[in-house]
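The chain contents come next:
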Amino acid sequence: MAGEAQLLPGTLDLLILKAVSLGPLHGYGVLLRIAQISGQALLVEQGALYPALFRLVRRGLLKASWGTSENNRRAKFYELTSAGRKRLQTETEDWNRLVAAIGTALATRPEEI
Amino acid sequence: MSLSIWLRSVSTKVFHGRALADELREELDTHIALRTEDLERQGLSRAEAERRARIEFGAVEKFREESREALGGERLDKLLQNIRYALRQLRSTPGFASAVIVTIALAMGANLTVFSFFQAILLNKLPVHNPEELYSAAISDPGHPDHPFFSYPDVQKMAGICKPAVLAGFTNEVQYHLLDSDGTTSTLRGQLVTGNFFSTLGAHPFLGRIFSPQDNTDGAQSVAVISFGLWSRRYGRDTGIIGKRVIVQRAPVTIVGVMPRMFSGVIPGERTDIWMPLSVQPAIGFGGYASMNRVDSSKPWLDQDVSWLRLIARSPSDPGGKHLAAQLDSYIQREVNAGLANTHDAAERQHLMHVRMRIESAAGGTRGLRDRFSLPLIILLSLVALLLLSGCLNIVNLALARFRAREHEMSVRMALGSTRGRLVALLATENLILCVIGAGASVVLAWVASSLIQHWLVTAQSIQIQIGFGPGSLAFATALTLGACLLISAAPALRTRGLTTARLSGFRTSAAGSHAFRASSGLLILQLALAILTVTATSLLVRTLRNYEHVKLGVDGAHTLSVSLDPSAAGYITYGQQQALYSRLTQTIDRMPGVISSAVAGCGLMNHGCAYLNALVSGSDVKAPVVERNYVGPDYFSTTGMKILRGRAFSIDDSAHAESVAVVNRDFEKQLLRNQDAIGHTIRVDGGKPAVIVGVVNDSRTDSIKAAPAPFVFLPIAQAGAWNISHVEVRTEGNPVRMAPAVREAILGINRAIPVGETMTVEEEADRDLAREFLMARLGLVFSFLSLLIAAVGVYGLTSYEGSRRQTEFAIRMALGATRLSILRQVFTRSALLLGIGGVAGLLISAAFSRLIASLLYGVGPYDPGIYAVALLLILIASAGAAFLPSWQAASADPVHSLHRE
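Protein sequences, first through last, are from chains A and B. Throughout the first sequence, residue numbering follows this note's numbering, covering 117 to 229 in sequence. Throughout the second sequence, residue numbering follows this note's numbering, covering 451 to 1352 in sequence.
Hints in this document: simulated from the structure, not taken from any laboratory. Mixed in with the good hints there might be a few duds.
[Claimed, not checked] Where chain B lies over chain A, by a calculated footprint (3+ residues, C-beta under 8 Å): (1) 132–144; (2) 154–163; (3) 188–202.
The C-beta atom is built at its ideal place from N, Cα and C for all residues, glycine as well.
Kindly generate the complete structure, drawing on both the sequences and the hints.
Set out below in structure tokens:
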């Protein structure tokens, strides 16, 4: 698949939190949502998604409950807990700071030193 | 991750493990199904879509495993896995596993047993409110034993000075006879106490009430508080007991209270059945042992200067009792100053100047059992601690040898990516499993052993002791288990540092091996030294016991039965009544088959403290001589087996109307008459009638087998005036124990109302005196056997390790022409060298240790060369035997086979 970007380490959790913050999703849904909101640029390795999801559940950032999918399959849905919501906010801020800092650093020209 | 989250996830995992696995499978299946549907919608065939979906997903099993770990509980998984693995390893080496378990079980069992006694005797506190505020006091007087007895006026005066502390007094325990309304009698041990005794202790009654100061006033109704034990034994826990009237000695007494089960008085090891206020003293005729200076025995002791009360004080918010000590000492100093004003004798003045009051904590009760057993228990505890250490050293050696055998396996594991931490955890798990199994077995062993010892102490020694495995013992056991486990895991854990994959190349360096051998050799030397220490200490104790057993009692212990009784309780008060009873008693018993003779006595043969009295002896230049006195019947000397050395024994002709006569012992002549013949001298005991000494008998150990003989005066009971006897001594043809029930029946046949107490042989009484020595010698023997065994196993283990380590070397040597004998000599000499060093070290340590126990020895010095030689020889034989076997094995291994294997 062309145009795919490699996920930076540690960003998968942030992406999952973001995806789920937009509405409860099952595992496969999280995958599709990440692809959708990143403009198909970020693809998550399918199998790797589940360990990440369970880790987030265990940390209390997500909560899971069984429900029915759009095509009537029993599926486990994930949604943000309030702790998850807070974490998403701080991580987003951290991320923006990091991106801004790296952007500034990369845009530096010799005469500015 | 916070602990609570981890716990929750672990518990979810443990309790819902299967359900979680199913959910996980379902979730992943759903994912693949959804993806398949999507791909189908993109135009793929169903089969192709499913194949693609699976490929895209990746390694399902791998992610499932990762997911499981992400769900938590992987540590528990690892732990379980470690345990499973460890169990498998241990099953594959049952010899190692059982050696460790047996060593730990025996060594820790010994520790727990001794500790349970240590705790019961030295650590347990009285079951009362704030026991650490309690103190006992004694007058300390240089050159004399502490004097712990005070008169009641003294106690009252001291109580007046010591504020805010409160003081109470109590007497020694004495045997009493209790007559119930149904006519049955029983023998009890009781104490007289001040009215505030229980309230000072902070002890509350289980039923009824405790004493109040009013109970201790003249003319108050005689009351008693009884123990839970007596209440259960005698009255079947009848709650209607309160208000019941019983007869103690001759006095009617009303029971007003029952103490709780745990409260057994203030003297550890003694059983107290009944407490009565001091005011009953004249009514029950209390007057056994007190020092009787200037006492009018016909008047109550309460207001007289009779030192008969021990002191117990409660001093709140006074750490260490300093305040109380100062107050009590000021009282004593005042008394001393009064004494100084009255005397001009320089020696007496010098003596008085050094009198002090000494207090000590009575949180665990007053000194009793503690005095007799604290040093022995500390010694036993250190011996068993060394035993455990020695056992652990063995296990360390075994573990090191096993580690070497597994070095290859460990290296492979490291090469495959296992971390050192994981390997150490694995080894530690194995050891922990062994330790826990061993500890479990040791608790059972210790429980059985201490129950047996407790039973022996209670029945044969009448020492009351409650041994239980409380939280203290459990904490001790846990600490020991963990300590032992750490000790035996540490050495192999350290050695994992040396593990490299280089070992895999098959190149075995013997340098590392010889380093390990050096460390193990050090451990072995220590072990041998400890074994010698245990054996020498035990030999000294056993010799001491033997010496005591061979002490000449001066009486025929094997054929004499001592029966305690109290005719006064049955109304024999006047001289006429008593004399008639005494001759009837001896006549009746003498006629019984199996009885040679019998005699009445005012006090018992052993441990029944005949009074110490002042005496005037004609022709003696000893100032204020003190003698022991006993009133005895005519056949007393032939009955007890005392030998008349000179002169004559008493006869029935020594009646009240005849000349007053006396018989003295050899020590009397030695101490009071400078070895002159005592016959013909006159003696006045305690202001009585002067009596002519007509005979001299051999010395006897009448107080205690451990005490030196003392001057003794025997007087005929017929010349005593009205005098209550306490014992009938009976000489039998066969085993006196078998005669006991018949003699008892014969006495009751004369009058059922006569309380008959214990019937004991003199040998039994002598044995009671040796409880401590018996206990130490017996336990010591067990511990010595264990330490010998452990040392032998240690020597065996190290020698066979050495043999296997150098197998290749030996094979090469033999290939080059060395004989089996030279190989045998090599291995054996090395062990023998260690034995030599260990032996010398052991002798040095033993000599140092023996000095500590010198005070417990009798008839044998702490440096007795014979004992050291025997101990050394014993260890050398045992360990040489243990070393020879593996040396022989090493020497007789087939060199071709060994080289081939390498």
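Outcome of the hint check:
1. 132–144: holds (count 3)
2. 154–163: As far as the segment 154–163 of chain A goes, the hint holds, because 3 residues have Cβ atoms under 8 Å from chain B.
3. 188–202: holds (count 4)
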